[in-house]
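> Sequence:
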Amino acid sequence: MNPMSICTSSSSGSSSSSHSTTKAWIVHGIVVGAAVAAAIGARAYLGRSTKFRSRVVGIIPARFASSRFQGKPLVPILGKPMIQRTWERAKLAASLDRVVVATDDEKIAECCRGFGADVIMTSESCRNGTERCNEALQKLDKKYDIVVNIQGDEPLIEPEIIDGVVKALQAAPDAVFSTAVTSLKPEDAFDTNRVKCVVDNCGYAIYFCRGLIPHNKSGKVNPQFPYLLHLGIQSYDSEFLKIYPELQPTPLQLEEDLEQLKVLENGYKMKVIKVDHEAHGVDTPEDVEKIESFMRERNLS
Numbered sequence: 001m002n003p004m005s006i007c008t009s010s011s012s013g014s015s016s017s018s019h020s021t022t023k024a025w026i027v028h029g030i031v032v033g034a035a036v037a038a039a040i041g042a043r044a045y046l047g048r049s050t051k052f053r054s055r056v057v058g059i060i061p062a063r064f065a066s067s068r069f070q071g072k073p074l075v076p077i078l079g080k081p082m083i084q085r086t087w088e089r090a091k092l093a094a095s096l097d098r099v100v101v102a103t104d105d106e107k108i109a110e111c112c113r114g115f116g117a118d119v120i121m122t123s124e125s126c127r128n129g130t131e132r133c134n135e136a137l138q139k140l141d142k143k144y145d146i147v148v149n150i151q152g153d154e155p156l157i158e159p160e161i162i163d164g165v166v167k168a169l170q171a172a173p174d175a176v177f178s179t180a181v182t183s184l185k186p187e188d189a190f191d192t193n194r195v196k197c198v199v200d201n202c203g204y205a206i207y208f209c210r211g212l213i214p215h216n217k218s219g220k221v222n223p224q225f226p227y228l229l230h231l232g233i234q235s236y237d238s239e240f241l242k243i244y245p246e247l248q249p250t251p252l253q254l255e256e257d258l259e260q261l262k263v264l265e266n267g268y269k270m271k272v273i274k275v276d277h278e279a280h281g282v283d284t285p286e287d288v289e290k291i292e293s294f295m296r297e298r299n300l301s
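Residue numbers (full-length UniProt numbering): 1 to 301.
Fair warning: there could be bad hints in the mix.
Unchecked claim - Only pairs whose alpha carbons sit at most 25 Å apart, straight line, appear in this in silico BS3-like list of lysine-lysine: (1) K91 - K185; (2) K91 - K139; (3) K242 - K142; (4) K80 - K91; (5) K142 - K167.
Source of the hints: derived by calculation from the structure; they are not laboratory data.
With these hints in hand, go ahead and build the complete structure from the sequences.
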């Protein structure tokens with residue numbers, strides 16, 4: 001794994017300019033009185049906090065009622081439920097003090113308890129995995145500095161990637177969020193289920209998109225350009241995670257249906273690491289056969 005280089009924080013003038021631009025765009029897009037107040041509160045906390053974020057919990061959000069793949073967490077992958085394979089991989093991460101499954105479905109909860117997972121029941125009203133992680137965090141009996149949102153549909157996620165996003169957030173006190181990307185395969189360039197990412201020279205996220213970014217004038221894939229595929233794993237500062245649900249939905253977030261864009265649109269910084277990873281996310285029923293074939297070829301049980 002080769003993390004992108006870590007740069008020092010931008011100057012206060014640049015930060016102020018970015019904040020003003022972001023605020024203007026948000027106000028232009030929607031009425032966000034509550035969101036702006038929440039954002040100011042979060043920045044006030046983060047401005048005071050310089051402590052090392054040491055206590056880390058990994059949360060695997062899982063819901064049964066998926067619009068694209070009903071019951072996806074329970075689908076068998078070579079004889080084991082996909083949620084179990086994800087949990088087993090997460091347990092190997094050295095940076096996690098605890099791993100829990102957060103779900104609103106009793107079938108998923110019963111399955112997870114059966115293979116030994118710690119389960120937190122959450123409400124059906126959670127709009128996305130980030131909100132489900134936040135609710136689970138509030139119900140835990142211990143306090144944590146970092147929450148890692150581990151997508152349950154990446155059953156071959158590498159523990160080193162989990163450790164990588166944790167270390168990236170620990171090393172970037174100006175960021176509230178960290179995530180990982182890997183090289184995009186040309187055949188996935190126009191797959192809207194494969195989210196693309198662009199970053200700046202210091203390894204901070206600029207934008208995420210379901211379409212191909214950057215997009216050149218020819219409208220074709222440039223085989224020489226290092227396009228980036230976003231991996232679902234992401235980690236948050238726990239104090240920011242508490243505030244996240246209070247931020248109103250933002251225009252780009254709604255248009256792309258990508259929850260991480262709300263973080264960027266509100267002016268927060270997101271650290272990105274580049275990793276070498278053979279991404280095998282399960283977005284549709286057809287992906288199950290593909291990942292099982294991959295595992296058989298490599299004798300992965």
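> If a hint holds in the structure, say so; if it does not, say that too.
A quick look at each hint next to the structure:
About 28 Å separates the Cα atoms of K91 and K185, which puts this hinted pair outside 25 Å; it is violated. Taking the CA atoms of K91 and K139, the gap is near 20 Å; set against the 25 Å cutoff, the hint holds. Of the supplied pair hints, the one linking K242 and K142 holds, its CA atoms being roughly 15 Å apart against a limit of 25 Å. A distance of roughly 16 Å separates the Cα atoms of K80 and K91; the hinted pair therefore holds under the 25 Å criterion.
Proximity of K142 to K167 is assessed by CA-CA distance (about 21 Å); at most 25 Å being required, the pair is judged to hold.
When each numbered hint is compared with the structure, a violation occurs for hint 1 only.
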